[in-house]
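All chains should be modelled from the sequences, with the hints used to inform the complete structure.
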Amino acid sequence: MSGYLLSRSLQTLLTLLVMSVLVFVGLYLVGNPVDVLLNANATPAERLEVIRSFGLDRPVWEQYWRFLTRALSGDLGNSFVFNQPALRLILNRMPATLELAFVALVIALLIGIPLGIYAGLKPRSALSRSIMTFSILGFSLPTFWIGLVMILVFSVTLGWLPASGRGQTVSVLGIPLSFLTLDGLSHLILPALNLALFKISLVIRLTRAGVIETMELDFVRFARAKGLPERRIVRVHVLKNTLIPLITVIGLELGSLIAFAVVTETIFSWPGMGKLIIDAIAVLDRPVILAYLMLTVVMFSVINLVVDILYSLVDPRVRLDGSS
Amino acid sequence: MAEPILSISDLNTSFRVHGKWQNVVRNVSFDVHPKETVAVVGESGSGKSVTALSIMRLLSPTGARVTGRIEFEGRDLLGLPIEEMPSIRGNRIGMIFQEPMTSLNPVLRIGDQIIEVLVQHRHLTHAQARSEAARLLERVRIPSARSRLDEYPLNFSGGMRQRVVIAIALACDPRLLIADEPTTALDVTIQAQILELIKTLQEEEGMSVLFITHDMGVVAEISDRAVVMHRGEAVETGPTPQIFASPSHPYTRALVSAVPQLGSMNGLDRPLRFPRVDLVTGEIEPPPPTADTVRRDAAPLLKVEGLVTRFDVRKGFLRRTIGRIHAVEDVSLELRPGETLSLVGESGCGKSTTGRSIIRLTEPRSGTVQIDGCDVRTAGKAGLAKIRRQAQMIFQDPFESLNPRIRVGDAIAEPIVAHRLCDAHAARDKVGDLLRRVGLSASMAERFPHEFSGGQRQRVCIARALALEPRLIIADESVSALDVSVKAQVINLMLDLQERYGLGYLFISHDMAVVERISHRVAVMYLGEIVEIGPRRAIFENPQHDYTRRLMAAVPIADPTRRRPRRVGNEEIESPFRAPTYVPPNRTYWQAGEGHFVQLG
Amino acid sequence: MSENPNTASSVHDGTDPISLSTSPFRRTMAALRADRLALIGMSLVVLFVLAAILAPILAPQNPYDLSRLDVLDGRQPPGTRSAGGMLYLLGTDDQGRDLLSAILYGLRTSLLVGVSSAAVALVLGASIGLFSAYAGGRIDAVLMRIVDIQLSFPAILIALIFLAILGQGVDKIIIALIVTQWAYYARTIRGSALVERQRAYVDAARSMALSDASILFRHILPNCLPPLIVVATMRVAYAIMLEATLSFLGIGLPVTQPSLGLLIANGFEYLLSGDYWISFFPGFALLLLIIGINLIGDALRDILNPRREG
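Here the protein sequences come in this chain order: U, R and B. Using our numbering, the first residue of the first sequence is number 1, and each one after it goes up by one. Using our numbering, the first residue of the second sequence is number 1, and each one after it goes up by one. Using our numbering, the first residue of the third sequence is number 1, and each one after it goes up by one.
Heads up, a few of these hints could be off.
With a straight-line cut-off of 16 Å between C-alpha atoms, the simulated EDC-like cross-links for lysine to aspartate or glutamate are [as the list claims (entries may be wrong)]:
no.	chain 1	residue 1	chain 2	residue 2
1	U	K240	U	D315
2	U	K240	R	D112
3	R	K381	B	D212
To give a feel for the contact side, a few chain B residues facing chain U, derived at Cβ under 8 Å [claimed, not checked]:
no.	residue
4	S152
5	L160
6	S279
It should be emphasised that the hints constitute simulated quantities derived from the structure, not laboratory data. Glycine residues also receive a C-beta, built at the ideal position from the N, C-alpha and C atoms.
See the structure below:
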């Protein structure tokens, strides 16, 4: 097991390295961050001064080397815009995004899995057909547009829920969480629902497909021939086989939710990482872009690792080293 | 005779297909008496499996309609509300299915899958159920039963899984066991073990068995009475000896005469065709005598020496070799023009890989292969193309051997055009001629593969193989997937073609009875090696090697009068997977007769 | 193995055909026409594609001809008339542009970007995937590793990074979308190709000494197409949506070439003050387009399901 963890960590580091090189070089080739750092009235002398102090006149490989060595000690540079450590900027805003993504995932699973199971068990019923048609709607609706409509309906017209911002937070283990307060919840519902909508459809379809496929397998027929009641067959035999492949998908989708939160955060002015990165891209705030990317790589690798371990624990046919 | 425990009257089952109801089982009636084994035998499409599923009411309530009367223990099963069936299933009637590899839930432990039945029907506590489960596993002869309760199905072989399935079905002492083709997917020796197990358990429990099968040999071996089904109808019912000795219905007569009986070729030198039966009158036309096609004086058509094929098994990110499959080890054989040499053996013996290695579909590691004098292993691209014209292959699954998107005529013409034997126009004529040769009509060239039945598709494959006018045809389990009567027709076709064109066949098969019918010479393989090789008569009438004898003893004979007392062991079929450091031992052979060699040790 | 009542009886080996002899393509088309939802989808898509192609003819006004715009006509609700008598069917945006015209032209851009990026990604990804399956061994392992790593990152993230580097513009967005998509096609076709390669008809083709190229393109590739087509349909819809999202966020297309996403973004700020139509109608058009494509893709997935085939 420890050997496996080691090899996975090494793979992550390799990916980090490759990614950072690619993006660093790419960003280097584009644009001139100096324009961000100075105002328009700066003299040429001041320009040169800034260039030299930020080391922007050095060749690219030297700049990268400086970046790398600093990164090993945890310093990913200061944001060109805010002049604060980029890493700290992002970490400050990460809990908000993670909270949004997690709540969206939970909503998607709580709604999607039961609906998918029902649609799979009774595929021809009217309710199932409408669920499926509805799910096409779900992944055809652009997240940002449905967010607008939500604001229009629930905030502007009905006035039930706030249109922007994050609510009151409570600190748990040093991390501010907002879903524990009523005010926080009221601010959380619309964005989380908005983010979850796409995923609900996905979860419904996957679960339904899994249930239908499993119900046709031989061992389900044998379980019936054993005289087991249908409820037990579904609960014990079908469910486990259906939910196991779902674990991998859930892991992937969590990552996707974290990334897609960018959109929801923009619409609902949610103070997460997403807004930060969008603004950073618009002005080419290199340190922030790089820091965000590296953090994301690490996050996704950890998610993938947890998913793989979970999978191997649950499915006896899969062993971590690849044998089965 | 005592009151029947199961009495079926006028059973009718229909399926809804594309909105219309199709009658799959028509007016079927038969009884099963206490302690009796009744076999329901038929080919694909006969409705035998559907009959079994109808008894247990396991068919979809919306897609299937079942009418009639099924009396069991004083109740009409079809009249019961569906909610009461689970109390009968697994409890009063047990059922086992064909595929042992998929009958068990792969993510649940074996013990749990047995325990849930005991808890459900016999209301045992978990602890009681657990020790009972261990006892059940011991009864089906699974060693170290108690410790194996916590293992998953993937740790069990096919034969062992089938035993577990039987244990589950018998857990509550049912009065009737319905077995739907339980041994069809198993190797011959394993099949013999399972059949014997079922027979023993039946005697011990005093229960009845309803055995669904397509294998007449199995019917003859184990059943007291038989029901013959054809296209949904029960065409003949009666005591098994009578069905075999004097079948009355034309279909039964066709079926019985299409089944090769092991040992029926004793005393005959040459292969023998199957008799043709008129399906209307039931008249049996004896097979014409077979000409002697073997050219003894000519140079060997196929000469194989010391053939070795191994597959490395690689694991992990660095692709290290953790083991090797010794598929073919030091195989040598010869085939003369016009001769049929059969390779027989069970799963993993290497017979298919040998056939593939000979024409380099799989690359062998070492050894020499000569086809018509040309060295196959050293041939370049052009040379290989030329050699592949001389030797063609027909595969097992007629459904898979043809590209579903290409019309049949184009598929047959493809090799002709690719080797530039003639232009496109002449090729079309040739295709028509080839189709006629295999008993189909030229107009069928325009059809797609899915429009043909299994037997017809195999004929198309034969036509395609003949397109390049080869002298050697390698038939890799080419008739194994076909129904009994279709098998007979295709074999007759192959013998006709051999007589007309002097073809040599390398016939790869696990079906000993068919092999006995068609071969001039036979080689028996086990774990990648030839353990015995010789003329067909020598191998079948005078087998010398232990494994050959075990194989012969396991084959069910389609003649109830020749039922043998069974004494089968518990051996699993070994796997040819070895550690990377394994060095295969040197083998020597001793001569038991003219052209008859047996492996020592 | 359940018994198929449709199988011709084997004892007879009859010559009656089971179904009419038609090519796989015609069968697929017929099945599509029979599915009600797919028909709706196809109508929507055809409608929108035609509208986009004929935009210059259909639009009452060229929304990018600045000389024709009158900012005083801005933010007019649907149904009002301009001073010159032109009817603003769907209202105007803050610049005075007729929304209907803006939507028609915006459709053009959205479709162009979505379809072209999907097409290029398809060819690129399929070539790589096919090559990977053919080459096998280490090359295959390495290529699929790269594909896996890319697939573990959400498309929007990849697009964000690429656009950060490349900047704005139609061609740059198309490139970014291509980069996010090719891996799906590569993975899909490589999986199919490997499965097909094991099948008996490929063995038969090899045993007839057909050339490798002939086997690959005549036998394997056509059988790999069905799942590829399904993936392609879904990805086109996703690409259109992704482009709209990126434009909405302000890092996609420049203001001079608005797609539907940008139109929606323009109207966002007016949403809370009640001028809903500036965002709503472009969004609705986008929605219908994507739904239409997804309906077709969904129906195709059922039709082209290999289990259905024979």
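Can we keep the L160 (chain B) interface hint, with Cβ of chain U closer than 8 Å? Since chain U brings a Cβ to about 6 Å from L160 (chain B), closer than 8 Å, the hint holds.
Does S152 (chain B) pass the interface hint, meaning its C-beta sits closer than 8 Å to a C-beta of chain U? Since the shortest Cβ distance to chain U is 6 Å, the answer is holds.
Sort out whether D112 (chain R) lies within 16 Å of K240 (chain U), counting only the CA atoms. holds (14 Å)
Verify the proposed pairing of K240 (chain U) with D315 (chain U), using a straight-line Cα cut of 16 Å. holds (9 Å)
If you draw a straight line from the CA of K381 (chain R) to the CA of D212 (chain B), is it 16 Å or shorter? holds (11 Å)
Is the interface hint satisfied for S279 (chain B)? The criterion is a beta-carbon contact with chain U at less than 8 Å. holds (6 Å)
No hint from the list above goes unmet by this structure.
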